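Asks: Residue-level listing of the chains:
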Amino acid sequence: MIKRKLPAQPVWIRTLENKLSAQKMKTIYFKVLTLPLACLLVFAIKPDYGGQISIKLNEPTSFTLNTANYSNLILYSLIYENFFYLKKNGAMFTHIFKDYHVDAGSKTLILTVKDNLSFSNGKPLTAKNIQLSLRMFLASNLFAASQLNKLIKNIRVAANQVLIELLADNPDIIAMMTVPELVVLAENEQSFSGPFYPDQWEKNKLLTLKANPFYAGGRTYLDAVKITFTDESIPDVFLSSPKAFKTNFQEFDSGIYQNVYLCFLQGDVGQNTKIALYTLLKKFNETTGSKYSELHTLTSDEESPVSIQIKTISRQRTASILKSSDIKLYILASLSYLEKDLTAFLKNSNLKIETLFIDDSQMMNFLNSTAVKYVLIDKIFQIKVPVEEKISRILKESSFNQFNVKYLRMLGELNEVKYSNSQELLMEQVARISEAIINDGFIFPLFQKKYSLYVRNACQAMEVDYYGRPLFQKAHIGHD
Amino acid sequence: MKKVIPHLLILFLYPCFIFPQSSAESLVQEAADTVQVFFKDKTAVRVAVVQFENYSELTDLAMQKIYQLLAARLENNQGIQASDLLLNFVNGRGEFNLSKVNELDYLIYLKLIQNKSKTGLGMAIFSRWQDKLVSIKYTEKNISQSEMELLNVNNFAFSEMGFSKLADFESKNNLLDVQSVCGPDGITRYFFYYPDEIIIYLARGDRLEKQSSFILTWTRPFYPVLHFQGKLLLFTFNQELVMTVGGNFSPYAQVLIFRDNQWLPTAKIGFIPFKQLMFNQNLYLVGAIYDEGKNYFKDKIFFMPFTDPAVHSGIVEKKIFPAYDMDFSIQDGQLQGIHVIDRNYFYHLLTADFSEETPEQVQKGASLSASNGQWLAVSDYSRQTDQIFFYDIKAGGQRPAYTGRVAGEIEFISAGIWQKINGFWVCSRLTQDGYGRSIVQFWGKRHD
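So the sequence lines, in the order shown, correspond to chains A and B.
Residue numbering for the first sequence follows the working numbering, beginning at 9 and increasing consecutively.
Residue numbering for the second sequence follows the working numbering, beginning at 36 and increasing consecutively.
Incorrect hints may have been included.
Said to hold, decoys possible - Below, in silico cross-link-like pairs of lysine to aspartate or glutamate (EDC-like), each with a Cα-Cα straight-line distance of 20 angstroms or less:
1. Lys218/A / Glu232/B
2. Lys482/A / Glu327/B
3. Lys354/B / Asp326/B
4. Lys106/A / Glu232/B
Claimed, not checked - Some chain B residues flagged as far from chain A (calculated, every beta-carbon gap over 10 angstroms):
5. Val72
6. Glu232
7. Arg239
8. Ile292
9. Ile452
10. Gln454
11. Gly471
Hints listed in this document are in silico derivations from the structure and should not be mistaken for laboratory results.
As the structure is a prediction and not an experimental result, all values here were calculated from the model.
Beta carbons: idealized from backbone N, C-alpha and C, even for Gly.
Please model the complete structure; the sequences and the hints are all you need to start from.
Replies: Right, dumping it as structure tokens:
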């Protein structure tokens with residue numbers, strides 16, 4: 009093979025110098041070597057930090073925790089951290105506690121807070137904040153809070169531990185603490201414990217939330233979440249009726265429905281007026297294309313043992329009853345999406361009905377005013393929650409100043425039959441409570457709204473929890 | 036391409052079929068045997084391949100593999116000191132670093148030809164001192180079409196003679212780094228760095244035995260993270276063992292000193308030291324800092340004179356670009372180069388004067404590490420399964436040399452030593468079982 013003596017070194021060097029530069033050749037060489045492999049494997053190995061997702065929600069009135077409706081449930085889950093989360097499959101997890109267990113001997117639930125946690129403004133998040141948050145939750149007028157209250161004797165703090173002394177050992181105590189309303193609150197309202205914190209708020213337009221660098225669950229991949237209140241553009245995440253969108257979006261069953269009720273807070277409202285107003289609002293739904301499902305029970309038609317048939321009256325009769333009335337209809341801000349259509353409808357009806365939107369937190373102050381007679385409220389429910397719990401919630405949270413000894417007794421009886429293991433007795437008691445509430449005439453069920461959560465395909469790793477809330481912690485913008 | 040696809044499928048499904056004892060290997064083996072026989076009675080002769088031409092049907096890729104097989108065998112020949120001078124292959128010719136030829140005793144010339152259906156390898160050994168050819172060997176084999184395709188499409192040669200997996204351990208989650216130090220008692224201790232503790236192991240045969248551990252305490256500001264990352268550095272200073280630890284969860288790194296049988300925190304510094312190096316006869320720590328809570332480094336590197344473990348002043352910053360990983364190759368105590376994987380997964384090489392070599396246009400994985408100015412290990416741009424590429428950086432640049440498959444996704448690579456063998460610790464995460472396990476492997480060149 010070797011036919012000649014090989015050239016001396018200087019010749020080779022000259023030959024080399026005449027060729028491409030070594031670096032250029034290295035580049036070409038490497039391209040040739042690795043291109044086929046790179047073409048086959050097209051994924052990066054680290055999730056990308058950055059970007060933002062837009063979500064359409066109702067505009068809040070403040071950042072004070074208020075989870076009265078589904079929209080709020082989502083919004084406040086972005087800025088307030090839950091003690092515990094419940095996945096759809098029933099698994100629980102927490103970002104706040106490094107350990108939690110019940111000491112059976114002392115009947116104490118011990119929550120050990122992770123080290124070095126901070127609120128969004130860098131202020132320490134300690135066991136004291138957990139104690140305070142739990143106390144505030146227990147003091148709230150929520151069904152879940154009253155349930156938990158019955159189990160707790162005392163709450164103490166020792167170093168980084170919160171010691172919750174129980175009246176009796178209850179294996180469900182942690183599960184009861186997964187409710188969305190039990191969140192970590194700071195003494196300072198400008199401190200937030202959730203994955204994001206409010207940055208900019210353009211009223212009636214949008215709210216920008218920025219990633220909380222101190223978030224206990226770990227810095228989110230997203231830099232920001234833009235919450236829009238208008239329909240100017242299609243957001244990345246939004247709520248809508250089931251099966252409304254198919255292309256470019258993933259649909260998640262939120263497992264959530266929202267009931268709308270007409271409430272009469274004063275006992276002096278005549279039966280005719282009640283029926284006329286009820287008829288008018290039913291007509292409103294028909295006129296605007298029946299956007300909402302009919303509701304004939306206090307919870308859901310599919311699960312309630314009784315149906316409530318409130319007979320409506322004719323249009324002429326409705327008009328004649330209401331024409332002389334001067335009605336101020338108070339509507340919770342969580343139903344603000346009704347405003348445009350309802351205002352137009354009432355204007356066309358030529359009736360003197362004024363609508364006033366109020367925040368949930370203002371509602372309690374209005375209860376003492378005799379001027380407030382007619383209120384449109386909503387209640388949000390998780391489909392999986394047992395019907396007896398829902399009826400208890402309605403009775404406790406929506407009877408307002410009409411809550412009386414009779415209701416207290418009925419709730420007690422409901423609790424008793426819950427432990428009887430008799431489904432028949434349980435449903436009978438639910439039916440009895442429903443009947444009593446309707447007969448007392450302070451709450452009429454109107455409509456029901458079901459929700460699907462739509463997420464743009466490019467938004468990846470979004471999860472939905474047991475309560476139908478999208479969890480943004482690990483969400484990121486895809487490369488496709 | 037259609038012909039190639041079945042072989043590619045075989046290659047990915049059955050990695051063990053990639054390099055069976057092939058005709059190409061026996062071709063190389065015969066050439067290597069000739070070299071061995073020729074140098075049998077000689078000691079410490081300095082040898083290198085300085086020319087390699089290809090007139091066969093094989094491509095430059097196949098040449099690369101054949102060269103690598105031969106180089107690996109030469110490196111393992113006890114009688115010679117084989118140097119690897121290859122820079123590149125292009126247009127059927129090898130490019131060699133000929134500036135080192137004067138340091139050699141014998142030069143090897145190689146040539147591949149096609150002789151009818153067979154591929155032939157011609158080898159000549161040239162003595163510089165005698166200024167003549169002293170040995171010629173020609174051998175040929177029938178390299179089948181399928182083997183030829185495999186040679187032509189497979190990107191890197193890997194031989195057991197090169198980097199291979201020497202150890203394999205399971206670790207608890209969130210392992211951030213592994214380093215080792217040989218104590219005055221001659222015993223090597225392996226430090227496994229987790230966010231909240233350091234566990235120190237001793238080697239017992241092929242396994243690790245826990246010797247001790249200590250808790251790391253961090254203070255606010257503390258940034259909880261979805262993925263922990265960090266670096267550990269161990270070195271001796273004034274006869275004392277010094278440790279620095281930092282991560283993406285803290286804006287500072289801790290400096291600890293081993294005194295009275297315990298690790299004492301002595302200072303906090305505003306960046307994470309990667310390596311120690313010499314500048315103007317002074318010891319410096321060089322490193323970078325993570326973007327808080329995230330999985331990448333900020334766009335700066337830092338140099339700090341290290342005169343006292345308690346002092347942390349005089350830090351000098353140098354702007355580069357945000358990076359998923361980076362490392363500093365140090366040769367004889369001096370900065371040789373800075374290796375960087377940017378946030379688009381492109382590799383950059385900065386020289387010691389911070390000028391950038393032309394960046395590669397092919398994406399790499401997010402982990403790399405450089406070992407004493409000799410080797411660079413880089414992970415793959417892939418998910419689920421990964422591989423590790425070893426590059427020869429002795430000549431300052433980078434030349435792909437070996438590759439090996441790693442189960443799971445590589446989380447970090449860290450240059451280190453396992454039982455006196457230089458190489459790399461590779462931590463990967465397996466998610467196949469649905470729970471996730473961390474596996475630590477050590478890859479090294481057993482015969483170095």
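Asks: Now, for every hint given, state plainly whether the structure supports it.
Replies: Hint by hint, here is what the structure shows:
1. Lys218/A / Glu232/B: violated (32 angstroms)
2. Lys482/A / Glu327/B: Distance of about 17 angstroms is within 20 angstroms: holds.
3. Lys354/B / Asp326/B: holds (14 angstroms)
4. Lys106/A / Glu232/B: holds (16 angstroms)
5. Val72: Val72/B is indeed farther than 10 angstroms from all Cβ atoms of chain A, at 18 angstroms.
6. Glu232: Non-interface label on Glu232/B holds, nearest chain A Cβ at 13 angstroms vs cutoff 10 angstroms.
7. Arg239: holds (32 angstroms)
8. Ile292: holds (24 angstroms)
9. Ile452: Given that every Cβ of chain A is farther than 10 angstroms from that of Ile452/B, nearest at about 26 angstroms, it holds.
10. Gln454: Answer for Gln454/B: holds, closest chain A Cβ roughly 29 angstroms.
11. Gly471: holds (14 angstroms)
The structure fails to meet hint 1 from the earlier list, while all remaining hints are met.
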